[in-house]
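2 protein chains.
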Amino acid sequence: MDTASDGNTSGRPRRADAIFTATLELLADKGYEGLTMEAIALRSEVNKTTLYRWWKSKDEVLAAALTHSDLLTFSVPDTGSLRGDLVETSRSIHTLLTSSATAPIAAAVLAAAPHSPALAAIGRAFFADRAEREHPIFRRAIDRGELPEHTDPRLIMDMLAGAMWFRLFLRADAVHEDDLAAAVDLVLDGAAAR
Amino acid sequence: MDTASDGNTSGRPRRADAIFTATLELLADKGYEGLTMEAIALRSEVNKTTLYRWWKSKDEVLAAALTHSDLLTFSVPDTGSLRGDLVETSRSIHTLLTSSATAPIAAAVLAAAPHSPALAAIGRAFFADRAEREHPIFRRAIDRGELPEHTDPRLIMDMLAGAMWFRLFLRADAVHEDDLAAAVDLVLDGAAAR
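Chains as they are written, first to last, in the numbering used here: chain A, 24 to 217; chain B, 24 to 217.
If you're looking for bench data, these hints aren't it; they were derived computationally from the structure.
Any given hint might turn out to be false.
[To be verified] What the simulated footprint calls covered on chain A by chain B, stretch by stretch (three residues with Cβ under 8 Å from a Cβ of chain B suffice, anywhere in the stretch; the number is not a length):
| # | stretch |
| --- | --- |
| 1 | 55–68 |
| 2 | 74–84 |
| 3 | 161–174 |
| 4 | 180–191 |
[Claimed, not checked] Within a straight-line C-alpha distance of at most 20 Å, the following computed SDA-like cross-link-like pairs (lysine to any residue) qualify:
| # | chain 1 | residue 1 | chain 2 | residue 2 |
| --- | --- | --- | --- | --- |
| 5 | B | LYS53 | A | SER139 |
| 6 | A | LYS71 | A | THR59 |
| 7 | A | LYS53 | B | GLU56 |
| 8 | A | LYS53 | B | LEU211 |
| 9 | B | LYS53 | A | HIS138 |
| 10 | A | LYS53 | B | TYR55 |
Just so you know, even glycine gets a beta-carbon here, dropped at the ideal spot from N, CA and C.
Same shape as in the complex, but just chain A (with noise of 0.2 Å):
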């Protein structure tokens, strides 16, 4: 019997925590192209086997554990208003590109994307997920009036997190907590004089 998906009826192998956060480390500490199937089975501890029984390649195992690795887990705010909430998932995906556990991740992620069609597919994938759990914050300004129907959530997100990652990443400046309710403002206000 194979320890890792004994008894498992979940969909994902036993030790899956600890295949996610090899798989992520590998990639802060020795890139996309460092990441290798095998070195995340030794890191993990779980034979080779077991991993390509359940993932075809590093991409597969890597898509996995962007979406659902602990270590990227972030709980979707229901603050009452829009304006709280999106200041909120702005905290959050601040303190993703600027912790030390995630930072060099996110860095990870930049660096290898413009270069590989793989990653690319796993970054739209990514970001799709995460935009269908940020739905609600969306789906509930409409009910309250805060937004017109049929705003795409995307732009504003597309703003909120690309002004982040410019900042942060190509500008080489920092992001303090009063930008993020000056982005949020001006993504619901708009920067034009009344």
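With the hints as your guide, set chain B onto chain A.
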């Protein structure tokens, strides 16, 4: 007499354009790690001694290339309205990030940025230079009453540029002409229902 600086009074070597092009092409082809003074000299057909007379390191050449190369040059629009100017500017950024001549440079900068403090400093200087050049767009908009006094142009540009980088490189999605106008509308008018 050195051919590269012969007769030059402009504060840069006579073959500066060739040097800048070679530097950016090497960055795109080989990545930041593969960029060396040796390779720049070889590719631009300039003596290494000449190169070192003008710049102390590859980081200095790269910073100069990013700021002064014809390849990355852009004209600051003056369409008569802030909305028009921002759509034009977004279009320039989109071209820069997607055209075959410049997209690999942008991707290489993106790939190297999170891991290189030197490149981070270059990024900071590059985008500060762009912001400086874009300043008239915002100055004129304030004069025309389109923006309140004391508007911070950086947040607006972080959002427009950031959303585009984010969508193209991280979400691996396309940006269409309509999306450019939609982004500018969002940043100027806000998403909130009125």
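Structure-based check of each hint:
1. 55–68: violated (count 0)
2. 74–84: Contact hint for the stretch 74–84 of chain A vs chain B: violated, 0 residues under 8 Å.
3. 161–174: holds (count 5)
4. 180–191: With 9 residues close enough to chain B, the hint holds.
5. B:LYS53 / A:SER139: Holds, at roughly 15 Å.
6. A:LYS71 / A:THR59: 11 Å, holds
7. A:LYS53 / B:GLU56: 15 Å, holds
8. A:LYS53 / B:LEU211: 42 Å, violated
9. B:LYS53 / A:HIS138: Cα-Cα ~12 Å, so holds.
10. A:LYS53 / B:TYR55: 17 Å, holds
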